[in-house]
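Construct the entire structure; sequences and hints are all you get.
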Amino acid sequence: MFYCFYDNSPLGRLLLASDGKNLTGVWFEKQKYYAAALPDNSVENKELSLFKQTANWLDCYFKKQNPLCSDLPLAPYGNNFRQCVWRILQEIPYGQVITYGALAKEVCRRLNKTSMSAQAVGGAVGHNPISIIIPCHRVVGANGSLTGYAGGLDIKTHLLALEGVGFINNNYVDIKNIKGLS
72 MFYCFYDNSP LGRLLLASDG KNLTGVWFEK QKYYAAALPD NSVENKELSL FKQTANWLDC
132 YFKKQNPLCS DLPLAPYGNN FRQCVWRILQ EIPYGQVITY GALAKEVCRR LNKTSMSAQA
192 VGGAVGHNPI SIIIPCHRVV GANGSLTGYA GGLDIKTHLL ALEGVGFINN NYVDIKNIKG
252 LS
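In the working numbering, the protein residues as written are 72 to 253.
Among the hints, a few may not be true.
Unchecked claim - Quick list of in silico lysine to aspartate or glutamate cross-link-like pairs, EDC-like style, CA-CA up to 16 Å: (1) K227 <-> D245; (2) K101 <-> D78; (3) K227 <-> E100.
Unchecked claim - Across the chosen pairs, the derived CB separations fall in these ranges: (4) K184 <-> E118: 41 to 47 Å; (5) L182 <-> N214: 21 to 27 Å; (6) G83 <-> S188: 30 to 36 Å; (7) S141 <-> G194: 22 to 28 Å; (8) A106 <-> D130: 20 to 26 Å; (9) I239 <-> P110: 39 to 45 Å; (10) N214 <-> Q124: 37 to 43 Å; (11) D111 <-> G237: 31 to 37 Å.
Quick caveat, the hints were computed from the structure, so don't treat them as lab data. All C-beta atoms, glycine included, are put in the ideal place defined by N, C-alpha and C.
Take a look at the structure:
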């Protein structure tokens, strides 16, 4: 059985999804791939303890308290490649970003591949079904440009600003925030 619940955030309404034990989805109401991993026969259940725990996690996040991804049982649905990308996303520290290229290199290393396109990695990032908690908003272009976010660039900008990521202007992250670069 799958369950869902709507939660309000400072950036808009969120749909939470669960298989009863694990969190399987968090989507902004109008984001790309909205509820893509949620079966049609899911049942709304505002009393599920995991949804209360997730709502608390999100409240802490929006209060800049830096809760950990590992505080919640996460089970996003996707193939091995996407799972690898999503695991790496969970390792990006709060308030830092990584480039699509650096992410692709790390995926190659973990999957024992010689090369991989940043675009392929970008597709996996874009299909992340657990927004905010699996921090896909922390991935930027090679020069710090704010490229792509299924929830919209305005939300990505707000999330990064909330985490204290500095901006050169509204379209570029200050390069000192990029993980692995100084």
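Note whether the CB distance of A106 and D130 lies within 20 to 26 Å or breaks it.
-> holds, 22 Å
Does the Cβ pair I239, P110 satisfy 39 to 45 Å?
-> For I239 and P110 the Cβ distance comes to about 43 Å; the hint holds.
Has the hinted range 22 to 28 Å been met by the Cβ atoms of S141 and G194?
-> holds, 25 Å
Could you grab the alpha-carbon distance between K101 and D78 and see if it respects the 16 Å cut-off?
-> holds, 14 Å
K227 and D245: Cα distance at most 16 Å?
-> holds, 15 Å
At the C-beta level, are L182 and N214 separated by a distance inside 21 to 27 Å?
-> Cβ of L182 to Cβ of N214: about 26 Å, so the range 21 to 27 Å holds.
Okay, D111 versus G237 on CB: inside 31 to 37 Å?
-> violated, 43 Å
Honestly, do K184 and E118 meet the 41 to 47 Å range at C-beta?
-> Between K184 and E118, where Cβ atoms are some 44 Å apart, the hint holds.
Is the Cα-Cα distance between K227 and E100 16 Å or less?
-> holds, 14 Å
Starting from the range 37 to 43 Å, see whether the pair N214 and Q124 falls in it by beta-carbon distance.
-> Distance hint for N214, Q124 holds at roughly 38 Å.
Taking 30 to 36 Å as the hint, is the beta-carbon distance of G83 and S188 inside that range?
-> 31 Å Cβ-Cβ, so the 30 to 36 Å window holds.
Violated hint for the displayed structure: number 11, the only one.
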